[in-house]
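Residue numbers (the working numbering), protein chains in the order written: chain F, 1 to 543; chain P, 1 to 203.
Treat the hints as calculated values from the structure; they're not laboratory data. Check the hints yourself; a few may be wrong.
With a Cα cut of at most 30 Å, we get these calculated DSSO-like pairs of lysine-lysine [claimed, not checked]: (1) F/Lys139 <-> F/Lys156; (2) F/Lys470 <-> F/Lys100; (3) P/Lys133 <-> F/Lys139; (4) P/Lys14 <-> F/Lys59; (5) F/Lys321 <-> P/Lys144; (6) P/Lys133 <-> F/Lys156; (7) P/Lys133 <-> P/Lys9; (8) P/Lys144 <-> F/Lys146; (9) F/Lys139 <-> P/Lys144; (10) F/Lys497 <-> P/Lys9; (11) P/Lys14 <-> F/Lys146; (12) F/Lys321 <-> P/Lys194; (13) F/Lys173 <-> F/Lys139; (14) F/Lys470 <-> P/Lys133; (15) F/Lys146 <-> P/Lys194; (16) F/Lys467 <-> P/Lys9; (17) P/Lys144 <-> F/Lys156.
Chain F side only, calculated, beta carbon under 10 Å to chain P, not exhaustive [to be verified]: (18) Ala143; (19) Leu316; (20) Val537.
With the Cβ distance kept under 7 Å, some of the chain F side facing chain P (calculated, not the full set) [what the hints assert, rightly or not]: (21) Gly20; (22) Leu23; (23) Val133; (24) Asp154; (25) Val199; (26) Arg203; (27) Gly219; (28) His222; (29) Thr303; (30) Phe306; (31) Phe309; (32) Met327.
Note that the Cβ used here is the ideal one computed from N, Cα and C, for glycine as well.
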Amino acid sequence: MSDIKAKISQICPSVTFEEGDCLLVNVPEQDWHSLATALKNDRELNYDLLTAVVGMDWKESLGVIYYLTSTARNWDLLAVKVAVTDRKNPMIHSVSDLWKVALFQEREAFDFYGIKFINHPDMRRFFLRNDWVGYPLRKDYDADPKLNPVRMEDEKHEDDTVSFVEDENGKIKKIPGKVFTEDDYVVNFGPQHPSTHGVMRFRAAVDGEIIKKVDVVSGYIHRGIEKLCEGLTYPQILHFTDRMDYMSAHQNRHCLCMCIEKALGLEVPQRAVVIRTMMDELMRISSHLLAFGCTAMDLGATTAFFYGFREREMVLDIFEKTCGARMSMNYNVIGGVIADIHTDFVKDVKELIRIMPERMKEYHKVFTGNVIAMNRLKGVGILTKENAINYAVTGPSGRGSDWSCDCRKKHPYAAYPMVQFEEVLEKGCDSYARYMVRMREIEESVRILEQLVDRIPEGPIRAQVPKIIKLPAGRWYQQVEASRGTFGVYIESDGQKNPYRVHFQSPCFNLVGVMDICCQGNMIADLITIGAALDFVIPDIDR
Amino acid sequence: MEVKIKSMKHEDFKDNEYIDKLVEELNASGTNVMVGKLDQLINWGLSNSLWPLTFGTSCCAIEFMSLGAARYDMARFGFEVARNSPRQADYIMVQGTIVHRMVPALLRLYDQLAEPKYVIACGGCAVSGGPFKNSYCVLPGVDKVLPVDVYIPGCPPRPEAFFYGLMQLQRKIKVQKFFGGVNRKERIEEFFAKHPEERGQLG
Chain F
1 MSDIKAKISQ ICPSVTFEEG DCLLVNVPEQ DWHSLATALK NDRELNYDLL TAVVGMDWKE
61 SLGVIYYLTS TARNWDLLAV KVAVTDRKNP MIHSVSDLWK VALFQEREAF DFYGIKFINH
121 PDMRRFFLRN DWVGYPLRKD YDADPKLNPV RMEDEKHEDD TVSFVEDENG KIKKIPGKVF
181 TEDDYVVNFG PQHPSTHGVM RFRAAVDGEI IKKVDVVSGY IHRGIEKLCE GLTYPQILHF
241 TDRMDYMSAH QNRHCLCMCI EKALGLEVPQ RAVVIRTMMD ELMRISSHLL AFGCTAMDLG
301 ATTAFFYGFR EREMVLDIFE KTCGARMSMN YNVIGGVIAD IHTDFVKDVK ELIRIMPERM
361 KEYHKVFTGN VIAMNRLKGV GILTKENAIN YAVTGPSGRG SDWSCDCRKK HPYAAYPMVQ
421 FEEVLEKGCD SYARYMVRMR EIEESVRILE QLVDRIPEGP IRAQVPKIIK LPAGRWYQQV
481 EASRGTFGVY IESDGQKNPY RVHFQSPCFN LVGVMDICCQ GNMIADLITI GAALDFVIPD
541 IDR
Chain P
1 MEVKIKSMKH EDFKDNEYID KLVEELNASG TNVMVGKLDQ LINWGLSNSL WPLTFGTSCC
61 AIEFMSLGAA RYDMARFGFE VARNSPRQAD YIMVQGTIVH RMVPALLRLY DQLAEPKYVI
121 ACGGCAVSGG PFKNSYCVLP GVDKVLPVDV YIPGCPPRPE AFFYGLMQLQ RKIKVQKFFG
181 GVNRKERIEE FFAKHPEERG QLG
């Protein structure tokens with residue numbers, strides 16, 4: 001740690017450091033871009049992965065916290081804080097030229113806080129309508145419904161974009177632009193389209209049948225969860241995580257609970273840890289089965305969909321018996337789990353373990369080997385390893401590009417150090433590789449369950465927690481491996497019983513960011529299969 | 001007279017008051033035998049082949065997919081042909097939160113549905129905004145912009161709850177007067193003309 005400090009202060013003497021959950025570097029705005037370039041390109045530092053971009057409002061200043069990771073060195077996190085005091089016209093240099101993932105992430109920060117990113121090529125709002133008044137996550141946001149009534153008419157000028165470009169004298173010029181040129185033939189998908197897996201909207205410029213560019217229009221299910229969290233107490237915000245990526249409900253909630261527990265210094269009983277891990281893996285199986293079914297259905301193979309859902313119902317039955325609900329289980333709580341496992345739990349899980357290998361063969365027989373499926377998936381939607389890292393595409397989609405990025409291995413948590421499993425990697429970099437990673441991960445999840453099902457220790461299911469939970473002042477970042485990739489929770493507390501800022505770093509947000517580069521050069525019909533193989537969940541993107 | 005549907009007995013429904021009241025109204029106003037019989041025929045056909053327009057924005061849509069799969073199999077009741085084009089659907093099933101950006105799209109889809117058309121609000125979010133009611137950009141219930149026929153509460157509702165709600169819609173259709181009806185759908189503007197206070201709330 002100290003050598004990193006020395007190295008950074010050598011590159012940029014104006015920085016200051018803060019210890020905490022992870023090392024935080026305070027950097028003045030004017031030095032930020034040069035420091036970022038060094039952090040990325042320096043051989044020793046080599047921070048090649050931008051994990052999270054968190055927009056912030058500290059009342060006297062606005063800013064962004066960037067979480068960086070070096071995938072080559074180790075997976076330790078480094079936080080960089082950039083703040084500006086100008087509230088009227090806050091401007092920060094964009095790092096989207098270094099880490100492409102910032103292209104969308106910085107647009108989110110602009111949408112929420114009005115921070116303009118210099119040299120960012122496309123400074124449009126991301127979630128909210130382009131005629132929205134104000135920046136909702138600012139602490140002084142005026143929530144008067146008269147300012148932003150429910151507008152019944154469509155958005156106008158949706159092709160218009162703007163960028164703030166700095167010339168060689170350091171002067172910043174506002175340059176208007178267009179998303180598509182006059183000559184582009186644009187095909188619209190969504191927001192209500194059966195194959196976008198929710199309410200996502202894509203606009204694709206096509207040349208004949210070949211896609212030239214895909215513009216992602218998000219926000220059709222943006223529910224403002226991060227703002228809502230700021231007004232609620234910690235136990236009250238837990239239920240939002242179940243409703244973001246509803247196919248990773250347990251993992252997301254696990255992550256938020258772990259983040260709060262880390263801040264409180266709370267030890268979770270071993271029984272709860274094992275139950276949580278098992279629930280996470282069951283959730284992963286159910287999610288991948290749904291992904292299998294939906295990929296098949298998007299290609300017209302309806303039978304495979306029924307097969308996938310048949311086993312998914314078994315998992316849902318296990319959830320229902322223990323948690324009381326098929327979806328939105330609300331099972332993890334701060335310090336453990338809300339209820340003990342059902343008496344049938346072990347029996348049911350064993351039954352699932354018993355039948356899954358047989359059923360996996362059925363899936364492969366009915367869909368994987370199919371010649372149409374092969375042709376539609378193989379060699380389509382190429383995402384190279386470099387791009388996967390640059391766009392921070394984690395989870396099965398990243399591992400389909402042969403990038404080892406499993407959070408369960410890199411930052412072992414819960415009961416994962418206790419079990420043996422393989423991190424599934426595929427070298428294909430195409431839709432087929434991503435699909436195969438999911439199928440093989442089901443087998444690995446079954447393996448993890450097999451090792452844990454007889455090892456659930458006795459004991460309490462919940463630690464003693466104070467009635468009113470107050471986190472000490474500070475900031476924490478916690479990651480878990482959700483069904484679709486690395487899910488992160490950022491909490492900043494000022495010592496009150498409700499958080500000062502909560503940010504959810506969702507994996508699907510980055511997945512949708514590569515739609516453009518994955519689709520370019522492919523046929524228009526492949527947009528659907530590429531989306532299906534990336535397998536994003538829209539409420540997780542929009543939050 | 002009681003309203004009969006094939007799949008569930010009258011006494012098994014928990015809320016029969018409203019449907020009895022509708023029947024009473026229908027009987028009181030009286031009708032021509034021919035027209036009445038024709039109405040019954042149309043309603044019989046309509047109620048047994050209800051094609052939903054899938055409009056799943058979030059979690060409820062996944063439960064709706066379970067409905068389509070083998071275990072719950074909504075084909076048993078005539079709901080199986082989920083359409084993705086509003087022009088081929090009978091009713092819009094709003095599953096999930098409706099946010100500000102979505103409202104124009106939702107209204108357009110509703111306008112594109114052919115008459116007679118119905119709206120079902122599925123899940124807490126569509127009913128009232130659910131857990132996101134206080135958010136800056138969430139519509140607190142689709143009934144703020146559309147006339148809703150059936151509400152299905154739950155977060156998300158169980159498949160059984162979906163069926164219960166869909167059967168309620170079947171019953172409502174059974175008592176509708178197709179020719180110059182009284183309980184037919186209202187257009188948005190007519191709805192607002194009757195409820196000006198709703199428009200006020202929406203600015």
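For each hint, the structure was consulted:
1. Between the alpha carbons of F/Lys139 and F/Lys156 the distance comes to roughly 28 Å, so the proposed pair stays at or under 30 Å and holds.
2. Between F/Lys470 and F/Lys100, the direct Cα distance comes to roughly 37 Å. Violation of the 30 Å bound is thereby established for this hinted pair.
3. With a CA separation close to 19 Å, the supplied pair P/Lys133 and F/Lys139 stays within the 30 Å bound.
4. In summary, the hint linking P/Lys14 to F/Lys59 is not supported, as the alpha carbons are separated by about 53 Å, beyond the 30 Å threshold.
5. Proximity of F/Lys321 to P/Lys144 is assessed by CA-CA distance (about 36 Å); at most 30 Å being required, the pair is judged violated.
6. Of the supplied pair hints, the one linking P/Lys133 and F/Lys156 holds, its CA atoms being roughly 27 Å apart against a limit of 30 Å.
7. With a CA separation close to 36 Å, the supplied pair P/Lys133 and P/Lys9 exceeds the 30 Å bound.
8. Among the hinted pairs, P/Lys144 with F/Lys146 is consistent with the structure: their alpha-carbon atoms are about 16 Å apart, no more than 30 Å.
9. Restraint check for F/Lys139 and P/Lys144: satisfied, since their Cα atoms lie roughly 28 Å apart, inside the 30 Å limit.
10. Proximity of F/Lys497 to P/Lys9 is assessed by CA-CA distance (about 51 Å); at most 30 Å being required, the pair is judged violated.
11. Taking the CA atoms of P/Lys14 and F/Lys146, the gap is about 41 Å. The hint is violated against a cut of 30 Å.
12. The hinted pair formed by F/Lys321 and P/Lys194 fails the criterion: a straight-line CA distance of about 47 Å is larger than 30 Å.
13. Between F/Lys173 and F/Lys139 the CA atoms are separated by roughly 28 Å; this keeps the pair inside 30 Å, and the hint holds.
14. The hinted pair formed by F/Lys470 and P/Lys133 meets the criterion: a straight-line CA distance of about 25 Å does not exceed 30 Å.
15. A distance of roughly 22 Å separates the Cα atoms of F/Lys146 and P/Lys194; the hinted pair therefore holds under the 30 Å criterion.
16. With a C-alpha separation of about 48 Å, the suggested pairing of F/Lys467 with P/Lys9 is violated against the 30 Å cut-off.
17. Distance restraint check for P/Lys144 and F/Lys156: the Cα-Cα separation of roughly 23 Å lies within the 30 Å cut-off, and the hinted pair is therefore satisfied.
18. Interface hint status for F/Ala143: upheld, as the beta-carbon distance to the closest one in chain P is roughly 6 Å, under 10 Å.
19. With a cut of 10 Å, the hint placing F/Leu316 at the interface with chain P holds, because the nearest CB-to-CB distance is about 8 Å.
20. Restraint check, F/Val537 versus chain P: the minimum CB separation of about 9 Å is within 10 Å; hint holds.
21. Interface restraint check: F/Gly20 against chain P, minimum CB-CB distance 30 Å, threshold 7 Å, status violated.
22. For F/Leu23, the suggested interface contact is broken, since its CB lies about 34 Å from the closest CB of chain P, more than 7 Å.
23. Because the beta carbon of F/Val133 sits about 11 Å from the nearest beta carbon in chain P, more than 7 Å, this interface hint is broken.
24. Hint on F/Asp154 holds. Least Cβ distance to chain P is approximately 5 Å, under the 7 Å limit.
25. Hint on F/Val199 holds. Least Cβ distance to chain P is approximately 5 Å, under the 7 Å limit.
26. Interface restraint check: F/Arg203 against chain P, minimum CB-CB distance 14 Å, threshold 7 Å, status violated.
27. A hinted interface residue such as F/Gly219 counts as satisfied when its beta carbon comes closer than 7 Å to some beta carbon of chain P; here the least separation is about 5 Å, so the hint holds.
28. For F/His222, the shortest C-beta to C-beta distance to chain P is roughly 6 Å, which falls under 7 Å, so the interface hint holds.
29. This hint is violated: F/Thr303 has a C-beta 10 Å from the nearest C-beta of chain P, more than the 7 Å allowed.
30. For F/Phe306, the suggested interface contact is upheld, since its CB lies about 5 Å from the closest CB of chain P, less than 7 Å.
31. Taking 7 Å as the C-beta cut-off, the interface hint given for F/Phe309 holds, the closest approach to chain P being about 4 Å.
32. Given the 7 Å rule on beta carbons, the hint for F/Met327 holds: about 5 Å separates it from the nearest Cβ of chain P.
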